[in-house]
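Based on the sequences and whatever the hints tell you, model everything.
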Amino acid sequence: MAHADFLSRNSPVGSQDLQSKTKLINFTELQRGWLSVEQQRDSEISNIISKIQSNELPPEISHTYDVRQGILYRKIERAKSTKWLPVLPHSLIWSLISHVHAEIKHLGYGKTLDKMYELNWFQNMSRNVKKSVDSCVICKSSKDPSGAQQVRLHPIPKPAVPWHTLHLDLTGKLSGKSDRKEYCSVIVDAFTKFVVLKHTTLNCASAINAIKDSIHLFGASERIIANRGRSYDNHDFTQFCESNNMELHLIATGSSRS
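Mapping to full-length UniProt numbering: the sequence shown position 1 is 1, numbers consecutive.
If you're looking for bench data, these hints aren't it; they were derived computationally from the structure.
Incorrect hints may have been included.
Stated by the list, open to error - Calculated cross-link-like contacts (lysine to aspartate or glutamate; reagent style DMTMM-like; alpha-carbon spacing at most 25 angstroms):
1) K131 to D169
2) K131 to D114
3) K83 to E118
4) K198 to D169
5) K83 to E56
6) K131 to D42
7) K51 to D66
8) K130 to E44
9) K198 to E182
Structure (structure tokens):
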């Protein structure tokens with residue numbers, strides 16, 4: 001059982017034979033020779049270098065490029081400063097973005113882009129950095145989503161009966177820059193989605209006349225849903241709804257959750 005005794009022992013402290021050695025490559029500190037070789041492999045970059053050397057580059061963009069020690073540089077103006085950055089070959093764009101994003105501890109798109117502008121330049125830099133950061137698996141699994149969040153709506157229960165519930169609103173103005181307050185009253189049946197339009201003005205009397213016309217066509221509804229605009233949120237319109245036994249439900253103006 002000599003082999004069992006051997007396996008049961010701890011390895012000698014400081015043993016160089018059993019320690020694994022890992023070599024880390026820093027993409028941001030690679031030698032100029034390597035970058036020059038990679039630029040020559042990129043057909044677009046090598047074509048620009050050839051045109052610069054033969055003075056064939058158009059004058060409007062020739063001042064934004066320069067070849068220094070065999071490496072193509074691009075003139076960048078950012079944050080009120082001007083700098084010359086090496087042009088990164090297309091084959092290395094995603095590797096460098098991922099490396100920089102990991103080096104700065106998976107900060108957001110803005111910080112990653114700022115760091116990239118300290119190192120290199122490439123076409124569509126902002127869009128590619130955002131695409132790479134948005135697809136980062138570590139960020140998606142460990143960070144809460146930012147920006148506007150999806151929320152549950154609060155729909156009003158509506159029976160499957162035509163002309164039971166009506167949605168009212170005013171749209172316009174139709175007169176453009178004219179002082180005439182021309183609007184369109186919109187009445188939508190919640191069940192059938194049938195629409196009644198009426199040319200009107202922005203006041204309570206016009207809103208009442210519009211709903212009166214719909215009553216003459218199909219009768220009074222059980223419920224009216226409208227926003228808290230001045231045409232609906234007033235004493236006269238409330239009294240009209242009560243006199244016709246119509247429930248008035250007012251919602252917040254411009255609120256999709258109401």
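Hints versus structure:
no.: 1; hint: K131 to D169; verdict: violated (40 angstroms)
no.: 2; hint: K131 to D114; verdict: holds (15 angstroms)
no.: 3; hint: K83 to E118; verdict: holds (9 angstroms)
no.: 4; hint: K198 to D169; verdict: holds (11 angstroms)
no.: 5; hint: K83 to E56; verdict: holds (24 angstroms)
no.: 6; hint: K131 to D42; verdict: holds (22 angstroms)
no.: 7; hint: K51 to D66; verdict: holds (11 angstroms)
no.: 8; hint: K130 to E44; verdict: holds (23 angstroms)
no.: 9; hint: K198 to E182; verdict: holds (11 angstroms)
Of the numbered hints given earlier, the model fails hint 1 alone.
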